[in-house]
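Heads up, the sequence shown stops at 211 in the numbering used here, and the numbers go up one at a time, no gaps.
What the hints contain is simulated information worked out from the structure, not anything from laboratory work. Heads up, some of the hints might be wrong.
Stated by the list, open to error - Computed Cβ-Cβ distance ranges for the label pairs, DEER-style: (1) 126 / 76: 46 to 52 Å; (2) 206 / 81: 17 to 23 Å; (3) 176 / 83: 31 to 37 Å; (4) 75 / 131: 20 to 26 Å; (5) 115 / 70: 30 to 36 Å; (6) 78 / 108: 30 to 36 Å; (7) 114 / 91: 37 to 43 Å; (8) 115 / 177: 24 to 30 Å; (9) 192 / 71: 49 to 55 Å.
All residues carry an ideal CB built from backbone N, CA and C; glycine is no exception.
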Amino acid sequence: MSLAYAYPKSRFETAVLVDLNDREQRERLSSSALKGFFQLAIAWQIKDEDARELLGGLSSSAFYDWKKNPARVLEVDRITRIAYLLGIYKALHILYGDQLADEWVHLANSNPVFNGRAPLAFMLGGGLLAMQTVRRLLDARRGGL
67 MSLAYAYPKS RFETAVLVDL NDREQRERLS SSALKGFFQL AIAWQIKDED
117 ARELLGGLSS SAFYDWKKNP ARVLEVDRIT RIAYLLGIYK ALHILYGDQL
167 ADEWVHLANS NPVFNGRAPL AFMLGGGLLA MQTVRRLLDA RRGGL
């Protein structure tokens with residue numbers, strides 16, 4: 067007789083992952099993602115040059131066009147970058163008061179991950195993988211991992 071193992075029932079359900087390869091999903095998310103990113107850039111007081119780099123090396127003309135008119139369809143990479151940054155923003159505001167949360171990305175950090183640099187400098191230098199690392203670090207700090 068074989069006994070099947072099963073996970074215990076729970077009131078929690080896993081979230082369904084969004085398929086970013088599906089253009090309709092990207093259309094649905096892109097405008098909101100860009101609006102959120104531009105609000106985050108204001109809150110963090112990020113220079114436009116750095117904001118363009120966080121978006122994956124966007125040209126000045128495209129950046130200002132996107133700022134004026136966020137109604138567009140973003141590529142998977144750009145939506146992913148924005149998702150990490152918004153997750154970092156949220157985690158910081160859960161962990162710290164509003165003022166420190168918004169200043170944190172500019173402060174030198176003694177965590178070995180950052181090697182004394184500010185998290186923003188770390189993310190600018192390391193791109194998408196650095197954003198993922200910062201997001202995971204903050205999620206772990208708040209007990210999310």
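Open item on the list: Hints numbered earlier in the text: which of these fail when held up against the supplied structure?
Closed with: Structure breaks hints 4, 5, 7, 9.
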